[in-house]
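In the order they appear, the protein sequences are chains V and D. The first sequence begins at 1 in the UniProt record's numbering and counts up one residue at a time. The second sequence begins at 1 in the UniProt record's numbering and counts up one residue at a time.
Calculated directly from the structure, the hints in this document are not laboratory data. These figures come from a predicted structure and were not determined experimentally. Treat each hint with caution, since some may be false.
[As the list claims (entries may be wrong)] Only some residues are given here: those of chain D computed to face chain V with a beta carbon under 7 Å:
1) Met1
2) Leu3
3) Ile15
4) Tyr19
5) Asp36
6) Ala37
7) Ala40
8) Tyr42
9) Leu45
10) Asn48
11) Arg50
12) Thr73
13) Asp76
14) Arg77
Built from N, CA and C at the ideal position, the CB exists for glycine as well.
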Amino acid sequence: MKFSGLALLRQSLGGHRGWDRQWRSPEPKAAYDVVIVGGGGHGLATAYYLASVHGVTNVAVLERGWIGGGNTGRNTTVIRSNYLFDESAALYNHALDLWPGLSAELNYNLMFSPRGVMLLAHTLHDVHITKRHVHSNRLHGIDNVWLDPVEAKAFCPPLDISERARYPILGAALQKSGGTARHDAVAWGYARAASALGVDIIENCAVLGIGRDATGSVVGVETSRGPIGARKIGVVAAGATSTIMDMAGVRMPLESHPLQALVSEPVKPCFPCVVMSNTVHAYISQSDKGELVIGAGADQYPSYSQTGGVHQLTLAVEAICEMFPMFGRMRMLRSWGGTVDLTPDRSPILSDTGIAGLYVNCGWGTGGFKATPGSGHLFAHHLATGSAHPIAAPFSLDRYTTGRLIDEAAAAAVAH
Amino acid sequence: MLLIECPHCGPRAEIEFRYSGEAHMVRPAAAAACDDATWAAYLYLRDNVRGEHAERWRHTHGCGQFFNVVRDTLTDRVVTTYPAGHARSAAGGEI
Ligand SMILES: Cc1cc2nc3c(=O)[nH]c(=O)nc-3n(C[C@H](O)[C@H](O)[C@H](O)COP(=O)(O)OP(=O)(O)OC[C@H]3O[C@@H](n4cnc5c(N)ncnc54)[C@H](O)[C@@H]3O)c2cc1C
Ligand SMILES: [Zn+2]
């Protein structure tokens, strides 16, 4: 059923009891051309673009739990593309270009809100590195401008730019085309659109093993709902990727760490944009429900517990209260953690694996939500054609052997 | 926050420590002679296990020593700790 003003009107007359299920919930078939492991945003987007761009519709997305229950449904939804290096800028901007038209394309309101993402500079070093980003972005045609403190406050009035601020604000970089989107809607919108094109979305289906023939090529997966044949397998499982690749004997350059966030009680609109600070590691925005959404830094140790240390949250909240004294008395409602897959250079991996038919899309770590449409679009190209899209090619696994790292970590690019 | 038993100082809060990566990673003996794949494996490839994980920690705000911890990455429970240079099985028992 297509969403429209008319459909809404018709449904409201019927007490909203006539809406269909948003995606089919079929029994798994015996075999598929492509099996995607992981029903987060990236896996679902991959399936959608396989069907919509490449006409590959004999596809299943296998999800251990429920659609979007991983990092997709746990993230703080910051969207931006102002990364430092050529390869990253091209990759994240490819995604940013897709966001504005996506709600219309999927016929699903993703609540994409390009309200601007501001990165604060508190020290002279911050000023230098941030300006370097601004200049590099300008050369790539990516929107990112430098603001002095007064301009920053004009764009974001809650900022404390006074001299007595504990973390003085020496300026900021602003990407106006960045912002936020509704995370669940991204998973649901892609699932609904992919399902309508014939993709089978199979929830409560954990992949337990990867089957291979005598030549080493993949032939299918073992799952909690029985064996499923596959000519190609795309692993898109974020924090769980190492475990799944281990089923095919592939060791990954990944460590899975907890990353936490928290939200306040909802209040009236008071915070106009996204503000991030790399130096004090905190970032904040206000959701359309009115909650302040606050993100912390990753915990230092690897873990699959989806919980982290309370001191990480404390650090983030302390920094927020210093920067925005008006939030000093806000009450926090909920906190949670996800398991993020960190690579050594903090850039993602979109790659073949040395095993025929096995492909992997992972390593998005603390900042992959923003890339969901681009990642799915590029990975679908790789799965359908057998070779990497030029934008994705530098993000192959062999960069760890050749040494051609894309070191956004060393470039002091912020996470998220 | 984890409670970690430093083999030298006793139990202390996690904020006194720095996590320092997977333990028992052996540097290739002839580093200059080894091939790129071996070197890449040493530098970057990790087990990243779900379950008991042997890892290095440093007591930065205490004795300053590196030591090893076996911790369950599903529950974050510290199973055992032992000094650097000791084999995992010897100090950790049946793990
Ligand atoms: C607290 C937090 C804040 C964040 N903030 C931001 C932000 O502001 N901006 C940003 O861009 N990014 C952010 N991120 C990162 C972002 O959430 C991720 O990079 C992105 O959502 C990854 O999407 P995904 O689809 O690859 O992974 P996921 O959504 O995690 O999907 C992977 C799926 O694989 C499934 N799976 C695992 N094992 C198996 C198996 N054996 N069989 C079948 N299925 C399996 C999981 O259940 C899961 O649903 C944040 C992350 C966290 C945790
Ligand atoms: Zn000590």
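For each hint, the structure was consulted:
no.: 1; hint: Met1; result: holds, 4 Å
no.: 2; hint: Leu3; result: violated, 11 Å
no.: 3; hint: Ile15; result: holds, 6 Å
no.: 4; hint: Tyr19; result: holds, 4 Å
no.: 5; hint: Asp36; result: holds, 5 Å
no.: 6; hint: Ala37; result: holds, 6 Å
no.: 7; hint: Ala40; result: holds, 4 Å
no.: 8; hint: Tyr42; result: violated, 11 Å
no.: 9; hint: Leu45; result: holds, 4 Å
no.: 10; hint: Asn48; result: holds, 4 Å
no.: 11; hint: Arg50; result: holds, 5 Å
no.: 12; hint: Thr73; result: holds, 5 Å
no.: 13; hint: Asp76; result: holds, 5 Å
no.: 14; hint: Arg77; result: violated, 10 Å
Violated hints, in rising order: 2, 8 and 14; the structure is consistent with all others.
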